[in-house]
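Colleague: Below, each chain spelled out in residue letters.
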Amino acid sequence: MKKQRTVTFNHNPLLKRELPAWRPRIVMLALMGCSLALVGRALYLQGVNDDFLQAKGASRYARVLEVPATRGRITDRHGDILAVSTPVRAVWALPADARLEPAQVRELARLLEMDVNDLNGKLAVARDFVYLKRQVPPEVAQAVADLRLPGIHQQKEYRRYYPGGEVMAHILGFTDLEDRGQEGIELAFDKRLSGRAGARRVIKDRRGQIVEDVEAIRPPRDGDDVALSIDGKIQYLAWSALREAMEEHKAKAAAAVVLDARSGEVLALVNAPTFNPNNRANLTGAQLRNRVFTDAFEPGSVMKPFIAALALERGKVRLNTPIDTGNGRMTIGTATISDTKRHGVMTMAEVVQKSSNIGTVKMAQQLGSEEMWHLFDQLGFGTPLNLGFPGETSGRLRPAKSWRPIEQATMSYGHGISTSLIQMARAYLVFAREGELVPLSLTRVDAAPSSGRRVFSVETARQMRTVLAMAVGPGGTAIRAQVPGYTVAGKTGTAHKLEDGRYARKYISSFVGFAPASQPRIVVAVMVDEPSAGKHYGGLVAAPVFSRITEGTLRTLGVAPDMPLTPLQLARRGADEAVSEGNGQENM
Amino acid sequence: MVRIDAVLVALAVASALGVVASQHQARRLHGEYEREQARAQALEVEWGQLQLEQSTWATHGRVEKLARDRLHMQLPREGQVLVVEPQS
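Protein sequences appear in the order of chains S and L. The first sequence lines up with residues 1 to 588 when you count with my numbering. The second sequence lines up with residues 1 to 88 when you count with my numbering.
The reader is advised that the hints may include incorrect statements.
[Said to hold, decoys possible] Coverage of chain L stretches by chain S, computed from C-beta distances (three or more under 8 Å per stretch; other residues unrestricted): (1) 30-41; (2) 53-64.
[Said to hold, decoys possible] Distance condition first, Cα-Cα at most 25 Å in a straight line; then the derived SDA-like pairs of lysine to any residue: (3) S:Lys204 <-> L:Ala26; (4) L:Lys65 <-> S:Asp80; (5) S:Lys204 <-> L:Gln23; (6) S:Lys535 <-> S:Asp500; (7) S:Lys204 <-> L:Glu36; (8) L:Lys65 <-> S:Pro484; (9) S:Lys156 <-> L:Ala26.
[Claimed, not checked] Incomplete in silico selection of chain L near chain S, CB under 10 Å: (10) Gly48; (11) Arg70; (12) Met73; (13) Gly79; (14) Glu85.
No wet-lab data here; the hints were simulated from the structure. Ideal Cβ placement from N, Cα and C applies to all residues, glycine included.
Turn these sequences into a full structure, and let the hints steer you where they fit.
Modeller: As structure tokens, this is what we get:
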């Protein structure tokens with residue numbers, strides 16, 4: 001065998017060939033070029049395009065979660081819950097994914113209390129998102145989730161509950177499906193009540209569990225609670241008194257307000273007919289209407305005391321000044337004003353007590369129209385109260401220059417001018433508060449306003465209180481407004497309703513008064529619209545409601561009776577026993 | 001020289017393990033914190049529902065009905081009330 005010559009690497013004849021010097025350089029340059037390109041690309045990714053890539057990366061594991069905030073609660077003045085939001089679920093579907101067996105659809109429909117055909121209809125739509133049912137209670141939602149149906153999802157939302165139901169319906173209003181205020185306090189205080197959802201960024205793992213909190217983008221802010229000036233007990237009292245009056249007099253509507261004379265707080269505000277805010281299907285406009293705020297009506301005789309007070313203040317009359325009301329008929333221009341019966345010559349106090357139109361007109365004729373307009377304006381007629389309540393009416397007060405003499409006359413007994421019930425109630429604060437007017441408040445006031453705007457002198461207010469107490473006393477128009485144990489004062493009103501610019505044989509009966517008359521604590525205003533069971537005088541329809549509300553309110557507030565109660569032998573003995581047990585104190 | 005290297009490598013490995021362990025610890029604690037927060041929220045919700053339930057039971061209408069029908073209570077009639085003046 002021929003021995004092969006070994007060729008070592010170094011002696012490889014191929015290497016003997018001289019390579020041209022440019023070739024390795026080219027290879028070298030090519031390699032360097034490649035690595036430069038790599039470095040450049042790396043620099044670009046790390047430096048220039050950094051943000052985009054970081055964001056892409058973060059989106060694989062980081063999530064921004066919404067942190068829900070709850071809407072604030074509404075409570076009454078004692079902290080009892082009137083409105084609260086609790087979480088419920090909305091059940092929604094992706095129709096494209098929701099391929100359900102008929103049995104599954106039936107089961108779902110049963111749980112959601114829906115019609116099977118309705119449900120099928122919703123699942124058949126072409127949209128890619130459809131709500132099946134909203135505001136589903138958590139237990140039902142859990143049962144639906146347990147079915148594990150494809151394409152059926154849930155989402156958290158809130159539902160507002162009103163434990164007070166129809167008693168509180170008008171004052172509170174309600175919210176929509178998104179928990180935003182729509183009516184009443186819910187709308188007036190929507191800014192304070194509604195919370196602001198927060199957000200936070202987290203890192204989730206493969207199974208969707210949060211493993212790390214990266215940052216809180218913004219903290220959630222829960223809505224503030226609102227404490228109303230309403231007293232739940234008084235509100236209920238007023239509501240049940242109103243409801244009974246509605247039935248007894250077959251009235252179309254009724255409303256009542258209770259004000260705290262010391263602080264200007266609204267203690268109760270009720271309307272009838274009412275509605276259940278927890279179930280708002282089949283609502284009518286009449287039910288929703290908050291008459292206390294939104295309805296302006298011609299107040300009628302409840303206006304008279306203001307004219308009398310102004311005449312008193314200006315020194316035109318004194319309580320015992322005789323006023324001749326003649327035969328009960330009086331002609332101004334072409335119009336005739338009449339009283340319900342002829343009173344002849346009366347004192348000024350009796351004019352108010354017996355509610356004589358002619359007597360009041362005679363007082364008004366001694367006053368200038370500018371003067372009267374100024375009084376009405378000061379009392380707040382013609383300007384909205386600005387409590388932030390939706391739909392507040394300002395009433396109607398025409399400028400004094402446009403008044404004709406007959407109009408000035410009718411306005412003095414409350415026709416040709418219109419006010420809302422709450423405006424009228426507030427105006428009566430003037431008598432209850434020694435001639436001063438204070439702003440009203442729907443929320444609890446901790447420090448009572450020390451002084452308000454003076455309209456009448458202290459002396460005039462005191463005199464008018466005695467006159468108004470007479471109206472409730474023997475010979476007055478409102479004996480039925482009396483409250484056992486307390487002195488009360490007030491004025492009835494019976495006004496014809498305006499229909500198409502003419503006065504119809506339909507009435508609004510009202511009563512506005514305060515108690516105790518010696519040292520007023522509350523102002524109560526009652527209005528009954530179209531009583532049609534035979535009686536329509538304010539003294540017969542509205543005054544008994546006033547009496548019931550006032551009695552209950554004074555007891556609830558713990559106001560000491562200022563009139564001797566007729567002591568019964570039985571009661572005396574029972575009370576003595578109570579005293580010996582140490583709990584007989586009624587006046588706390 | 002080799003010994004120093006070995007020590008440094010050992011230190012590096014130990015610190016790496018430490019990082020892993022504390023990361024795990026942090027995630028576990030975070031999970032626990034999340035659960036507690038969820039529980040706090042659930043309790044908050046339950047509190048709201050209980051308040052709602054309480055005020056539903058304590059509705060004035062219901063209290064009045066029970067007082068009248070079951071307990072046969074009534075408002076004191078005129079003359080059944082005695083006012084005691086505080087001694088000054």
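Colleague: Run every hint past the structure and note whether it holds.
Modeller: Hints, one by one, checked against the model:
Residues of the region 30-41 of chain L lying with their CB closer than 8 Å to a CB of chain S number 3, which satisfies the three-residue condition for coverage. For the region 53-64 of chain L, the assignment as covered by chain S holds, since 8 residues bring a beta-carbon within under 8 Å of that chain's beta-carbons and 3 suffice. Distance restraint check for S:Lys204 and L:Ala26: the Cα-Cα separation of roughly 14 Å lies within the 25 Å cut-off, and the hinted pair is therefore satisfied. Distance restraint check for L:Lys65 and S:Asp80: the Cα-Cα separation of roughly 19 Å lies within the 25 Å cut-off, and the hinted pair is therefore satisfied.
The straight-line distance between the Cα atoms of S:Lys204 and L:Gln23 is roughly 14 Å, inside the 25 Å bound, and the hint therefore holds. For the hint pairing S:Lys535 with S:Asp500, the CA-to-CA distance comes to about 24 Å; that is within 25 Å, so the pair holds. The suggested pairing of S:Lys204 with L:Glu36 holds, with an alpha-carbon distance near 18 Å, which does not exceed 25 Å. Restraint check for L:Lys65 and S:Pro484: the C-alpha separation of about 24 Å stays at or below 25 Å, so the hint holds.
Among the hinted pairs, S:Lys156 with L:Ala26 is inconsistent with the structure: their alpha-carbon atoms are about 29 Å apart, more than 25 Å. Interface hint status for L:Gly48: upheld, as the beta-carbon distance to the closest one in chain S is roughly 5 Å, under 10 Å. Given the 10 Å rule on beta carbons, the hint for L:Arg70 is violated: about 18 Å separates it from the nearest Cβ of chain S. Interface restraint check: L:Met73 against chain S, minimum CB-CB distance 14 Å, threshold 10 Å, status violated.
Among the interface hints, the one on L:Gly79 holds; its C-beta lies about 4 Å from the nearest C-beta in chain S, closer than the 10 Å criterion. Because the closest C-beta pair between L:Glu85 and chain S is about 8 Å apart, less than 10 Å, the hint holds.
Hints 9, 11, 12 from the earlier list are contradicted by this structure; the remaining hints agree with it.
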